[in-house]
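**Student:** For the protein sequence lines, the chains are A and B, in the order given.
In terms of UniProt numbering, the first sequence is numbered consecutively and its last residue is 263.
In terms of UniProt numbering, the second sequence is numbered consecutively and its last residue is 338.
The set of hints was computed from the structure by calculation and includes no laboratory data.
Don't take each hint at face value.
[Said to hold, decoys possible] Computed cross-link-like contacts, DSS-like style, restricted to lysine-lysine with a CA-CA straight-line distance of at most 25 Å:
1. B:153 with A:255
2. A:255 with B:95
3. B:95 with A:88
4. B:50 with A:3
5. B:38 with A:88
6. B:91 with A:88
7. B:157 with A:88
8. A:88 with B:139
9. A:3 with B:15
10. A:88 with B:124
11. B:38 with A:255
12. B:98 with A:255
13. A:3 with B:316
14. A:255 with B:81
15. A:255 with B:15
16. A:225 with B:81
17. A:85 with B:81
18. A:85 with B:15
19. A:3 with B:38
20. B:139 with A:3
21. A:3 with B:153
22. B:157 with A:85
23. B:153 with A:88
[Stated by the list, open to error] Have a look at the derived ranges for each label pair, beta carbon to beta carbon:
24. A:98 with B:190: 35 to 43 Å
25. A:194 with B:132: 53 to 61 Å
26. B:76 with A:98: 15 to 23 Å
Note that the Cβ used here is the ideal one computed from N, Cα and C, for glycine as well.
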Amino acid sequence: MGKYLEMIRIRFLMMLAYRTNYYSGILIYSINIGAYYFLWSAIYGGKENIQGLSITQMTTYIAVGWMARAFYFNNIDREIAIEIKEGKVAVEMIRPYPYLNMKMMQGLGEGIFRLLFFSVPGMVIVSLVFPVDLSANAETWIYFFISIIFSFIINTQINLLAGIATFFLFNNDGLIRAKRVVIDLFSGLILPLSFYPMWAQNVMGYLPFQGISYIPSMIFTEGFKGSQVFEGLFNQAVWSVLLIIPVYVLWTLAKRQLVVQGG
Amino acid sequence: MQNIIDVQKLRKEFKSFSSRSGLKGAFRDLFTRNYTIKTAVDDISFTIKKGEMVGYIGENGAGKSTSIKMLTGILTPTDGKVVVNGMNPHKEREKFVKTIGVVFGQRSQLWWDIAVQESFRLLKKIYNVPDQQYEVHMKDVIETLDIGPLLDKPVRKLSLGQRMRCELAAALIHNPPLLFLDEPTIGLDVLVKLKIREFLKRINEKYGTTILLTTHDLSDIEALCERVVMLDEGKIIYDGPLKELRENWAEGKQIQFQFSEAAALEELQILTKEHLVVWEKGESDLIWVASVDSDETVISGVIGKVTAAKKIADLKILEISTEEIIRNIYVEGAVRHG
Ligand SMILES: Nc1ncnc2c1ncn2[C@@H]1O[C@H](COP(=O)(O)OP(=O)(O)O)[C@@H](O)[C@H]1O
Ligand SMILES: [Mg+2]
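All chains, full assembly: derive it from the sequences and hints.
**Tutor:** Next up, the structure:
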C-alpha cells in the first residue's frame, strides 16, 4: 500500500513542477463552459425547461461535467503507448509491483492534482460568472464524489485498454484519438444523454461511457432523483468490475508477447 | 559453495516477421505471416557461485543482453533451465525481482522529471526497505559513489556519468545479493569508469554481492573480474579464468625495436633466421616489432643478434593485450585449450 501512496505523491510532485501549464488550462475550460452557456441560453430561449432540465441545471451540468473531466481524464493511454514503443515496459518487469496498478496510481496522482489546482479554482471562477447552482445538500456531494471515483476507474480502465493495444497495433495514435472523441461524445460531456434520440440512448445504455460523465453530472445537478441516483451508481460499479476482464485478458496476451518476443 | 545462478542448455529464439508485398500479400499476411527464426542464445550452460564477479563478454549481437533478460525474468527462454537465487525468474516474478538488482546502461530506470532522491524514496517503498537499513546502507553507497550533491536534481538535468552513478545506487537500494549490469560503463569517461569499478569492488567485498557484468570494454573486465564467459553468436566459446585465457593465448611476447636508421624486413629476417620470429613494421621504417615465443633463449637470442648488428634508440618488451587476444579468438572462431 505504501508504494501506491508514494507513487501518487510522486506524480503529484511531477504535476506541481509543471503547474504553470495548467493556468492556461483553467482559462480554456472556462471559455468552453462560457461558450456552451451562451449556446444553451439561445436554445432555451424563453423555455422553462428542456428534457426535465432548467437552464440553470443545464449550465451546472456543463460546468460540473468539465470540472469532473479534469479529475478522471489522464494521459496514461499515451504514456503506456510510449513506454511500450521505447521498450520501457520490459524493464518494468524487474520491479516487484504490478505495472498496470502502478499506472493507475499515476493517473490518480494526476487526477487529484487537477481536482485541487484546476477544478476547484475553475469552479469558483465559473460560478462567479455564470448562474451555476452548487447544491447545498451534503448527500448530493457525497454521491457525486463516489460517482466521480467510479468515473475515474472506468475511464482509466478504458485508457489502459487503449494503451496496451499498442502491443498489437503498429501505430495506435489514431485509436487513442478516436477513443477520446468517443468518450467526450458518448459520456454525455457535451450533451446530456437524455437529449439523444431514443435508439441512441438505448445503445448507450449498454456501453460504459455514460458512467464517465453523464451519471456524476446528473447526480450533481440533481437531475437524478431518489432511486435513479442508486441505479446510476450501481451501473458505474458494474462497469468498473466488468472492465477488469478485458483489461486482464489483453494484458495477459501482451505480457506473453513481451516475454516471448521482447515487446 | 552454493550456485547463485544455474543455467542449463538455455536457448532463446526470436521470430522475426516479414511482410509480403502488394495488396494480395498484405491480405495473406492477415492469416499467415512469413517469419524467420533467429537464435540469439544457443544452448548455453554455466553456473555462478556466491560472491563471484563474472565478466560476460562478446561482440555486439552476441546475445549478452538476451541472456541477461532471461536471467532477470524479462524474457522467457525458448528452452532450457534457469535457476537464479534458487528461483525460476518467471514463476515467482515479484518475489524473485526483490532479490536482484539490475542496471541497463542504455536505459534509465529513474523517473526523469523528479529529483533523484524522490526516485530513491519511491524505490525504498517499492522494495519495502526498513528505515534503519536504508539509512546505513544508502549513506555508504551515496558517499562511495559521490552523488550526495546530485540528489536534489531532476534526472533529466544530470550528465551521463552522474546519471549512471545514480542508476547504480538505485539498483542497490534493497542491497540485493545479486547484481546484473548490462553495459554499465558505455559512453562514460575514464574517471567515472574508475569510480564505478572501485564501487563495485567494494560492495563485492563488503556484502559478498555476486556480480554479472556485460561489456565490450575489456578494461572493465580486467579491472574487476577473475572469470570471463565469452559469447559468440549465441554460444559460449570460453568460460574460465581471465588469467588462463591470457596464458593460453598470449604465449608469445613482442619485442619492439626502435632503430637509429631505417631497417628492411629481409635484413632483419636474415639476422634472426635461427629463431622463430615474425617481424612486423611499426609506425615507420625505424620501428619494428618481433613476435616470439615466451622463451628466454629466444628472447635474448633475438635481442643479442639485432643489437649486435644495428644501432638501437629504444627497446621494449610487450605483453600481448587482452584486447588482441580476444580479437585473435574471434578470428579463429574457437578457443584453443591447454
Ligand atoms: N526482440 C528481438 N526480436 C528479434 N531479434 C532480437 C530481439 N532481441 C535481440 N535480437 C537479436 O538477437 C541477437 C542478440 O542480441 P543481444 O542479446 O541484444 O546482443 P548483445 O547484447 O550481445 O549485443 C541479435 O542478433 C539481435 O538482433
Ligand atoms: Mg546488449
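**Student:** Tell me the numbers of any earlier hints that the structure contravenes, in ascending order.
**Tutor:** Of the numbered hints, 1, 4, 8, 9, 13, 16, 17 and 19 do not hold.
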